[in-house]
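From first to last, the protein sequence lines are chains C and H. Its first residue numbered 5, the first sequence is counted upward by one per residue in my numbering. Its first residue numbered 179, the second sequence is counted upward by one per residue in my numbering.
Hints were generated in silico from the structure; no laboratory data involved. Please read these numbers as outputs of a predicted model, since none were measured by experiment. Treat the hints loosely; a few may be bogus.
Unchecked claim - Below, computed lysine to any residue pairings styled on SDA-like, alpha-carbon distance capped at 25 Å:
1) H:184 to C:257
2) C:350 to H:373
3) H:494 to C:258
4) C:350 to H:313
5) H:494 to C:15
6) H:313 to C:126
7) C:299 to C:355
8) C:334 to C:15
9) C:251 to C:117
10) C:339 to C:324
11) H:373 to C:339
12) H:494 to C:20
Unchecked claim - Computed beta-carbon distance windows for the label pairs:
13) H:190 to C:98: 46 to 56 Å
14) H:289 to C:317: 42 to 52 Å
15) C:309 to H:486: 24 to 34 Å
16) C:133 to H:277: 46 to 56 Å
17) H:277 to C:321: 22 to 32 Å
18) H:369 to C:145: 46 to 56 Å
Stated by the list, open to error - For the chain H half of the interface with chain C, some residues (derived, Cβ under 8 Å), not all of them:
19) 184
20) 185
21) 187
22) 228
23) 275
24) 284
25) 364
26) 440
No residue lacks a Cβ here, since even glycine has one placed at the ideal position from N, Cα and C.
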Amino acid sequence: MKSAERFSSPLWRDRSMAASALAEMEQLCSAAAERTGGRINIMEVCGTHTMAIAASGMRRLFPKELRMLSGPGCPVCVTSQGDIDLVLALAAVPGIIIATFGDMLKVKGSNGLDLNALRAEGADVRVVYSPLDAVELAASEASREVVFIGVGFETTAPVVAAALARAKKRGLKNFSVTAFFKLVPPALDLLLSDPTNRISGFMLPGHVSAIIGLAPYRFVAEKYKVPCAVTGFEPLDILTGINMLLKQIVAGKPEVQDEYFRAVPEGGNPAAVKLMGEVFVTSDASWRAIGTLKKSGMALSPAYASFDAVKRFKLKRSDAPEPRGCLCGKILLGKALPPDCPMFGKACTPSSAVGPCMVSSEGACAAWFKYGN
Amino acid sequence: MKGPEKILLAHGSGGRLSRELVEQVFLKSFSNPALEPLEDSAEVKAGGTRLAFTTDSYVVTPVEFPGADIGRVAVCGTVNDLAVKGAVPTALSAGFILEEGFPMALLARITASMRKAAAEAGVPIVTGDTKVVEKGHADGVFINTAGIGVIPAGLRLTSAAVRPGDVIIVSGNLADHGVAVMNARNRLGLEGGIKSDAAPLNGLIRAALAASGGVRAIRDITRGGLATVLNEVSGACGLGAELEEESIPVSAATRSACALLGLDPLYVANEGKLALFAAPAAADKILKAMRRHKYGRNAAIVGRLYREKRPQVRLKTAIGGSRILLMLEGEQLPRIC
Chain C
5 MKSAERFSSP LWRDRSMAAS ALAEMEQLCS AAAERTGGRI NIMEVCGTHT
55 MAIAASGMRR LFPKELRMLS GPGCPVCVTS QGDIDLVLAL AAVPGIIIAT
105 FGDMLKVKGS NGLDLNALRA EGADVRVVYS PLDAVELAAS EASREVVFIG
155 VGFETTAPVV AAALARAKKR GLKNFSVTAF FKLVPPALDL LLSDPTNRIS
205 GFMLPGHVSA IIGLAPYRFV AEKYKVPCAV TGFEPLDILT GINMLLKQIV
255 AGKPEVQDEY FRAVPEGGNP AAVKLMGEVF VTSDASWRAI GTLKKSGMAL
305 SPAYASFDAV KRFKLKRSDA PEPRGCLCGK ILLGKALPPD CPMFGKACTP
355 SSAVGPCMVS SEGACAAWFK YGN
Chain H
179 MKGPEKILLA HGSGGRLSRE LVEQVFLKSF SNPALEPLED SAEVKAGGTR
229 LAFTTDSYVV TPVEFPGADI GRVAVCGTVN DLAVKGAVPT ALSAGFILEE
279 GFPMALLARI TASMRKAAAE AGVPIVTGDT KVVEKGHADG VFINTAGIGV
329 IPAGLRLTSA AVRPGDVIIV SGNLADHGVA VMNARNRLGL EGGIKSDAAP
379 LNGLIRAALA ASGGVRAIRD ITRGGLATVL NEVSGACGLG AELEEESIPV
429 SAATRSACAL LGLDPLYVAN EGKLALFAAP AAADKILKAM RRHKYGRNAA
479 IVGRLYREKR PQVRLKTAIG GSRILLMLEG EQLPRIC
């Protein structure tokens with residue numbers, strides 16, 4: 005726990021330091037707005053940032069020119085409806101144990117059901133805290149098939165890779181995963197390649213960056229001239245990260261800075277990257293609201309292909325439509341804010357969620373709803 | 179908007195769905211004046227005496243965890259439900275549903291722990307029941323306890339009595355119980371010695387009530403955490419509540435564990451903590467009395483109630499921001515990354 009305290013010491017929530025960071029932000033923001041001739045739109049790419057911003061109540065302390073947009077960085081939110089339907093189809097296969105992170109329990113399939121509902125109908129769905137627990141589960145339930153639901157980014161993928169390596173080493177034949185993993189840099193590329201994007205800077209995810217390091221983001225600053233700051237998750241991290249971005253905007257010198265250097269070395273975590281390289285190959289991936297994006301995901305490598313749950317249970321992915329009237333797609337792309345959605349807080353609340361941005365605890369809509377921004 | 183057609187786990191989480199279940203199913207069937215306030219225990223009259231009466235069932239996996247076990251929680255929970263109404267606990271019952279194959283030695287440890295907690299609270303367990311079900315039809319052991327207690331003449335503690343300007347006192351560090359159980363259940367290996375806070379609070383409440391007549395209401399903070407309790411009180415008294423994040427006691431180890439797991443300590447369960455609502459002039463006296471008691475050492479004033487058109491619970495954050503605290507929606511689940 006000592007190490008965890010280093011990351012979340014009370015210093016990172018200090019009121020007077022926050023006040024001076026906010027005062028600096030006020031000045032930087034008006035200088036930046038003068039330079040760009042309007043509003044400053046900073047996208048926080050990661051769902052954990054979305055939640056941290058909402059939980060600290062800092063949005064109302066921001067300068068009026070500054071707007072924070074939530075990006076495509078919440079694992080559940082970016083998972084396509086077709087992939088969600090596959091998860092639900094797996095849960096309905098008799099005898100299967102679904103092992104999943106808790107966040108997936110409430111995401112609705114296109115038939116309106118979620119894993120919670122299937123569990124009440126008798127499906128065996130277990131919440132695990134680590135994919136390694138799912139491997140242990142498979143070892144102890146030798147007569148059952150255990151499927152771990154793999155969704156998320158470069159943060160969760162290495163742990164799933166470790167779980168698969170362990171399962172392979174132990175020769176477990178009853179363990180498989182869904183490899184619905186996504187890569188963050190291709191999503192940024194897609195957002196920026198849209199000429200109507202309004203993004204003035206990216207607050208980059210600390211967790212993902214701790215794995216991949218800074219190099220994969222360089223193109224954002226070099227090709228698109230958009231400032232980047234890898235940022236931690238405490239209130240002062242976030243304020244400092246925003247100020248780094250504003251300074252880059254004011255100076256007109258976009259680069260990739262590392263506010264979260266206590267956790268993110270420039271080179272990332274080479275051991276984790278190596279392990280991912282053994283277990284996964286870069287593949288096309290299907291994103292909610294975006295569709296299939298070339299080389300934007302991770303599928304199982306040939307050496308691990310036998311662990312693919314979708315293949316093992318011969319499931320077919322369908323192109324299911326998004327829930328009707330749901331603005332999650334636009335919200336993920338930073339083109340709408342949660343209150344812009346006519347269903348927000350009315351037909352769509354955390355306990356009757358229509359879209360995944362309300363379902364996931366890291367979703368932009370859930371954050372806006374829960375923390376009443 | 180239509181609710182779910184089957185019982186979901188979230189119906190038992192202590193949050194909004196639990197509340198809806200109680201109102202739409204149980205209250206609809208059982209409605210009567212003693213039940214309707216839906217407080218921690220009901221008030222009934224026997225002869226000329228006002229009695230507090232309550233029951234609760236306990237389902238915890240694992241049954242033993244750092245700091246407590248299902249037996250201690252079962253005794254403390256019921257004692258606390260009586261005590262928050264100011265009642266002096268008179269007697270408890272204990273009913274056991276046991277799964278075939280449950281280890282006898284573990285059952286003996288649990289009953290010993292119950293005896294110890296009951297002795298600490300000064301209340302006997304005077305009646306009980308046992309059922310055994312086939313293997314697979316229960317999860318080890320389920321315990322139900324019920325309790326009665328005598329409410330002192332003239333004392334009326336109720337959320338409806340809370341007034342604008344009243345202060346909110348929390349009796350100590352929040353979220354330890356929920357995090358300790360989660361850590362044990364999932365073998366998370368979190369360090370920092372986080373232990374369940376399960377404790378009988380009748381002694382602490384006696385001390386607070388003796389210190390001043392300014393206590394308006396007391397709630398024990400269990401499932402759904404402080405945020406849920408404050409929403410319930412706010413709803414009952416029609417006032418808004420404002421909390422100061424910095425003054426809310428949470429240990430460094432528990433705060434770190436919550437940050438790691440993506441949990442909000444204000445929504446995590448406790449089994450030995452209460453929120454006390456007091457007239458502002460009485461607050462210091464009550465706080466001093468609570469801090470002298472072993473279960474109130476970290477007691478703190480965390481906020482106050484105020485008049486508002488649309489009552490809500492607000493949190494002033496450490497960095498000077500502010501946000502609304504809603505009731506717990508569904509279960510608190512750990513995040514993905």
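Hint check:
Our distance criterion of 25 Å between C-alpha atoms is broken by residue 184 (chain H) and residue 257 (chain C), whose separation comes to about 57 Å. With a C-alpha separation of about 40 Å, the suggested pairing of residue 350 (chain C) with residue 373 (chain H) is violated against the 25 Å cut-off. Of the supplied pair hints, the one linking residue 494 (chain H) and residue 258 (chain C) is violated, its CA atoms being roughly 35 Å apart against a limit of 25 Å. For the hint pairing residue 350 (chain C) with residue 313 (chain H), the CA-to-CA distance comes to about 44 Å; that exceeds 25 Å, so the pair is violated.
A C-alpha spacing of about 17 Å is found between residue 494 (chain H) and residue 15 (chain C), which places the hinted pair at or below 25 Å, so the restraint holds. This hinted pair checks out: residue 313 (chain H) and residue 126 (chain C) have alpha carbons roughly 18 Å apart, not beyond 25 Å. Taking the CA atoms of residue 299 (chain C) and residue 355 (chain C), the gap is near 35 Å; set against the 25 Å cutoff, the hint is violated. In summary, the hint linking residue 334 (chain C) to residue 15 (chain C) is not supported, as the alpha carbons are separated by about 36 Å, beyond the 25 Å threshold.
The suggested pairing of residue 251 (chain C) with residue 117 (chain C) is violated, with an alpha-carbon distance near 47 Å, which exceeds 25 Å. About 22 Å separates the Cα atoms of residue 339 (chain C) and residue 324 (chain C), which keeps this hinted pair within 25 Å; it holds. A distance of roughly 46 Å separates the Cα atoms of residue 373 (chain H) and residue 339 (chain C); the hinted pair therefore is violated under the 25 Å criterion. With a C-alpha separation of about 15 Å, the suggested pairing of residue 494 (chain H) with residue 20 (chain C) holds against the 25 Å cut-off.
Hint check: residue 190 (chain H) to residue 98 (chain C), Cβ distance near 27 Å, so the stated range 46 to 56 Å is violated. The given range of 42 to 52 Å is respected by residue 289 (chain H) and residue 317 (chain C), whose C-beta atoms sit roughly 47 Å from each other. Distance hint for residue 309 (chain C) and residue 486 (chain H): a CB-CB separation of about 60 Å, inconsistent with the stated range 24 to 34 Å. Evaluation of the 46 to 56 Å hint for residue 133 (chain C) and residue 277 (chain H) yields a failure: the beta carbon distance comes to about 25 Å.
The hinted window of 22 to 32 Å between residue 277 (chain H) and residue 321 (chain C) is violated, with their beta carbons roughly 41 Å apart. Between residue 369 (chain H) and residue 145 (chain C) the beta carbons are some 29 Å apart, a value that contradicts the proposed interval 46 to 56 Å. The closest approach between the C-beta of residue 184 (chain H) and any C-beta of chain C is roughly 4 Å, which is under the 8 Å cut-off, so the hint is satisfied. At about 7 Å, the closest approach between the beta carbon of residue 185 (chain H) and any beta carbon in chain C falls short of 8 Å, and the interface hint on this residue holds.
Look at residue 187 (chain H): its Cβ gets to within about 7 Å of chain C, closer than 8 Å, so that hint holds up. A distance limit of 8 Å between C-beta atoms decides the matter here; for residue 228 (chain H) the minimum to chain C is near 37 Å, and the interface restraint is violated. A cut of 8 Å between beta carbons decides the hint on residue 275 (chain H): the least distance to chain C is about 21 Å, and the hint is violated. A least Cβ separation of about 21 Å between residue 284 (chain H) and chain C goes past the 8 Å threshold, and the interface hint is therefore violated.
Taking 8 Å as the C-beta cut-off, the interface hint given for residue 364 (chain H) holds, the closest approach to chain C being about 5 Å. With 8 Å as the threshold, the beta carbon of residue 440 (chain H) comes within range of chain C, its nearest partner Cβ sitting at about 6 Å, so the hint holds.
Consistency with the previously given hints fails for numbers 1, 2, 3, 4, 7, 8, 9, 11, 13, 15, 16, 17, 18, 22, 23, 24, ordered from lowest to highest.
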